[in-house]
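So the sequences go chain by chain: A and B. Using this note's numbering, you'd call the opening residue of the first sequence number 1 and step up by one each time. Using this note's numbering, you'd call the opening residue of the second sequence number 1 and step up by one each time.
Keep in mind that the hints were calculated from the coordinates and are not lab data. This one's a predicted model, so the numbers in the text were calculated from it and none came from an experiment. Any given hint might turn out to be false.
Stated by the list, open to error - Once the Cα atoms are required to be at most 25 angstroms apart in a straight line, the calculated SDA-like pairs of lysine to any residue come out as: (1) B/Lys82 with B/Trp105; (2) B/Lys82 with A/Asp109; (3) A/Lys38 with B/Tyr18; (4) B/Lys54 with B/Glu276; (5) B/Lys84 with A/Phe32; (6) B/Lys60 with B/Lys132; (7) A/Lys159 with B/Glu52.
Stated by the list, open to error - Covered by chain A, per the in silico footprint, the following chain B stretches (three or more residues, Cβ under 8 angstroms): (8) 1-11; (9) 17-28; (10) 79-85; (11) 95-105; (12) 161-174.
Glycine included, each C-beta is placed from N, C-alpha and C at the ideal position.
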Amino acid sequence: MRYAMALDTRKCVGCSDCVVACQTENNVPLGFCRDWVKEVVDGTYPNVSIELRSERCNHCANSPCVRCCPTGASHFEEGGIVLVEHNKCIGCGACIESCPYEARYSHPDGYVDKCTFCIHRVREGLDPACASVCPTKCIYFGDIDDPNSRIVNILKNRKFKSLAPEAGTKPQIFYLL
Amino acid sequence: MKEELFVSGRNIPNIDPYLNIWHWQIPSYLFLGGLAAGILFFAGIFTIMGKENKMATTVKIAPMFTPFALMLGLFLLFLDLKHKMWFWQLYTTIRLESPMGWGAWVLMIMTPISIIWSASYLTEIFPNWDWKFKFLKTFEAWIIKNRILIAWPMTIYAVILGIYTGILLSAFNARPLWNTSILGPLFLVSGMSTGAAVILLLSKDHKERKIMSRIDILLIIIELFFITHLFMGFKAGSEAQINAVNLFLGGSFTAPFFTFVVILGLLLPALLEVLELRGFKVPVVIPAILILAGGLIFRFLIVEAGQITRYLY
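Can you build the whole structure from these sequences, using the hints too?
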């Protein structure tokens with residue numbers, strides 16, 4: 001089992017509903033966010049292209065954050081979900097430094113926090129909050145080890161990219177182009 | 001032209017607009033670690049060479065400052081933690097993949113060695129010192145008899161500690177400026193140079209100062225060579241690496257780096273030391289303080305600049 005997410009950059013309208021849903025679902029403290037929407041504008045008028053990306057922790061298969069954690073607080077859960085165990089985290093900041101995606105932040109309570117793929121929902125068979133509220137249904141979540149899953153089907157039929165694959169982290173968030 | 005913007009808004013403290021999660025504590029900790037490693041390395045190596053009486057300050061007096069430097073360093077590391085009450089878990093886990101983890105362990109080994117080493121010279125340096133308890137006296141006698149046995153691991157661990165101060169940073173693939181294998185040796189040499197500067201400050205023996213001055217000049221030359229290599233390697237690297245090094249070659253870190261580190265922290269003290277060896281009267285305080293300040297500023301700049309650099313996607 002290997003959980004992954006595919007986001008359709010052509011269907012995303014940048015409404016930021018995923019961000020608000022995450023903040024509500026996970027009680028993210030004010031001023032912080034576990035996911036965010038980036039707009040990348042390329043070119044000069046009139047030849048301009050826009051890419052909208054809802055970004056979050058990439059739940060990398062080769063996670064630098066899990067590797068550099070001195071206490072083992074950052075660890076892999078089932079399906080490769082990268083989690084932080086709050087009571088093991090000492091807040092040294094090494095994982096924040098190690099993340100090429102700037103997906104982690106220091107929670108006001110001291111420990112390091114980030115996207116959990118809404119593991120509490122996934123365990124109940126639900127989609128993560130961001131995927132479930134998306135009005136354009138552009139976020140696909142699923143198990144890429146299951147050949148019959150919707151996400152595998154989509155990745156088979158669409159061109160996609162991941163972010164900074166040259167960092168060697170084997171990110172598991174894919175952006176459909 | 002490529003432009004990025006957060007449409008959902010994002011301004012997380014210490015993460016946006018650029019990473020700044022490690023403040024003054026980490027570079028100060030790296031500086032103290034490197035300095036202690038330098039002193040203990042010289043103390044160990046001169047003991048192994050059988051020169052503890054010729055290099056009395058190096059072997060006997062300077063190491064007395066290292067337990068304080070290491071403990072202060074550990075305390076600064078503690079101050080850096082944001083979930084402080086859980087700090088003890090650093091020492092209930094062994095994670096060899098984590099530089100932060102094994103660095104904490106190296107310090108845990110190095111601090112007691114430095115304490116034992118300094119304590120064994122207390123009665124020699126302060127004749128009125130009394131250990132009061134008999135078992136302490138027996139222990140002291142045993143240490144004094146077996147100093148060489150301690151000098152070997154101390155020298156080796158000093159090198160590990162010195163290199164570690166660089167590896168702590170270079171292990172982060174996500175920060176292009178840090179992610180270079182030359183950073184370990186560079187921090188080691190810089191740490192040794194600051195250690196030598198402390199010995200120069202403390203020593204009153206002209207011959208000893210002359211030897212340490214010569215060593216220090218050599219270390220400074222190696223350091224300049226490593227810095228050149230560092231920049232050359234980045235310049236020949238990927239776009240992220242080129243952007244990283246441009247902070248120091250034209251970017252916002254250029255002026256402080258070349259003024260305080262290269263000119264005032266390396267070239268000028270080296271020149272002053274050469275002049276002194278040639279017979280000119282130069283108060284030793286000047287080059288020593290310049291080297292120490294340069295070493296501290298160097299670590300501050302690398303830690304600060306490294307956090308700004310990132311992968312582009």
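Would you list, in rising numerical order, the hints stated earlier that this structure does not obey?
7
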